[in-house]
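Asker: If you want the building blocks of each chain, they are given just below.
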Amino acid sequence: MEFSITKKASNLSRGLFIIGLISIIIGVALNYDSEHFATRLLGSGLANAFFFFALGLGALFFLALNYATEAGWYAVVKRVIESVALYLPYGIGALALVLLTISFMKGAHIYLWMDDHFIHTDKIIEGKTPYLNVVFFWIRTVVYFTVYLLFLRGFRKRSLLEDQEGGTSLHFANYRKGALFLVFFAVFSSTSAWDWIMSIDVHWFSTLFGWYTFAGMWVSAMVVIVLTTLYLKSLGYLENVNDSHIHDIGKWVFAISFLWSYLWFSQYMLIWYANIGEEVAYYIMRTEHFKFLYFGMFFINFVFPMLILMSRDAKRNAGILTFVGVVILIGHWLDVYIMVSAGSLGPNAHIGFIEIGMALLLAGLFIHVLLKNLTKAPLTPVNHPFLDESVHHEF
Amino acid sequence: MSEKIIYAMYGDDEVLKSSAKKLVSNGVNITEVYSPFPIHGIDPIIGVKPTRLGIMAFLYGLTGLTLATIGMYYFMVVEWKMNIGGKPNFTYVENILAFIPISFEFTVLCAAHGMAITYLILNRTLPGMPAQNPDPRTTDDKFVMEIRMSENEKLSEDTLEALLKETGYEELEKKIVS
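The listed protein sequences correspond, in order, to chains A and B. Just so we're aligned, residue 2 is where the first sequence starts under our numbering, counting upward by one. Just so we're aligned, residue 150 is where the second sequence starts under our numbering, counting upward by one.
In short, the hints are calculated from the structure, not lab data. Misleading hints may appear alongside valid ones.
Covered stretches of chain B (in silico footprint by chain A; criterion: 3 or more residues with CB under 8 Å from a CB of chain A, positions within the stretch not fixed) [unchecked claim]: (1) 233-239; (2) 243-251.
Examples of chain A residues lying across from chain B (beta carbon under 7 Å, computed) [as the list claims (entries may be wrong)]: (3) Met-270; (4) Trp-273; (5) Tyr-274.
Quick reminder that beta carbons are idealized off the backbone N, C-alpha and C, glycines included.
Full structure from sequences and hints, please.
Answerer: Written as structure tokens, this is what we have:
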């Protein structure tokens with residue numbers, strides 16, 4: 002059945018976009034003469050652009066993972082995953098816009114290593130210039146974006162072609178390309194997290210930061226996929242999706258929440274135990290100035306899914322899944338917000354009209370693009386080789 | 150008191166499943182099914198109650214967590230305040246980060262071992278215990294359904310046999326046990 006956007010949904014996305022825009026305008030009007038205005042505006046832009054970009058990228062990764070492992074169960078929700086991944090061009094646009102503006106403003110006190118003043122006065126930053134310089138930064142960024150977009154385009158093209166032609170040659174092409182994407186993603190997910198997020202705290206480094214960021218992006222993407230699936234089911238679409246599929250995506254949300262918590266804890270405990278000055282500075286900023294938000298966010302993202310989604314029945318219950326999903330989506334948004342603003346603004350950071358407005362604006366755009374993408378192809382793939390297996394998926 | 154047991158052997162798990170469905174709908178009580186591997190979806194058909202192993206796993210895990218906490222608290226804080234990496238353990242709470250990995254590991258250890266041992270005891274499959282299955286082939290490629298006459302008093306032996314005949318078993322064996 003073809004999906005058509007309901008009036009309510011398109012009003013919601015438009016409403017979010019307009020409320021976000023108004024909220025940003027109010028925030029700008031109230032704060033434009035304050036001291037850290039540019040840093041705050043661009044910082045919240047970076048955090049939100051990255052968060053929504055990461056939803057698309059997480060879905061693209063999950064799609065590639067299912068191709069590479071030749072999974073069968075996901076075939077009936079494949080179009081949902083694809084539609085979330087297809088936000089990527091817009092996400093890349095927003096992120097590139099923010100990064101460009103920051104570059105033109107010499108880092109805007111977000112990326113200190115872009116500022117000549119700091120490069121010459123700070124020995125540590127100076128030592129990092131072979132990697133952290135504007136030219137190489139943009140070369141890497143363009144390479145990431147190009148690779149992601151090329152793979153996304155290929156997956157989508159073959160997916161639509163499969164609906165027309167069928168057969169297994171497209172399936173094996175997807176299998177190979179999916180595995181190849183995972184190889185690229187294994188490197189790029191780490192290095193891009195260093196470039197865009199970790200370099201904000203330019204003195205600090207952590208080797209598992211990339212995985213931490215990646216786990217956050219993956220679980221957020223899974224939440225969006227399960228929420229979209231539940232929404233479509235509640236409207237009567239996706240007639241082949243049964244409890245077992247919902248249960249499976251719920252299990253992903255549950256499991257990756259643990260992966261994320263595990264990485265959060267590993268990073269925190271090792272740095273706490275070693276207690277090296279340049280490393281703990283990162284956590285002292287968070288535990289002193291972001292105490293409530295930082296530990297609250299960890300509590301939400303770990304304890305909520307653990308306690309509530311543990312039982313089998315909870316993962317099959319649309320209401321519970323939606324509740325937990327929305328809560329941990331906000332939790333992971335807070336995570337990204339703290340990652341960016343604790344490094345750039347430090348004690349001056351607070352959530353106000355600008356931050357919330359930016360989130361609503363991009364949420365409106367995201368929902369709009371997602372719904373548009375869902376209308377562009379049949380919601381159930383026609384000739385997916387594992388379609389029959391997926392329709393009969395039951396455990 | 151002696152009782153009669155009927156064993157019907159099948160060569161395919163799907164055939165056994167559909168036969169069991171048919172028999173149960175005719176009011177037959179199936180006591181047990183022996184199979185070389187778990188047959189998905191057989192439990193609700195023959196009326197096996199959902200396992201409570203999960204609850205036991207939680208209790209074993211809780212035991213492990215408690216033991217680990219008490220142990221570490223005594224070894225690292227009470228008896229001698231261990232100083233590791235320049236972090237003396239004056240209180241448990243201050244250094245709780247250092248104790249979390251061990252608490253986790255010991256919780257998992259106790260839960261896993263407790264569950265495995267409970268499972269073996271409940272199934273009477275601890276090493277050295279006599280085999281419970283009626284035919285050694287059920288550990289290889291055959292599936293056996295056990296029906297006890299004492300649990301099917303409403304049905305006569307003949308009707309039961311007629312019902313079984315329709316399902317297409319491979320072998321039928323009757324045993325009288327005392």
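Asker: Honestly, which of those hints from before does the structure not fit?
Answerer: none
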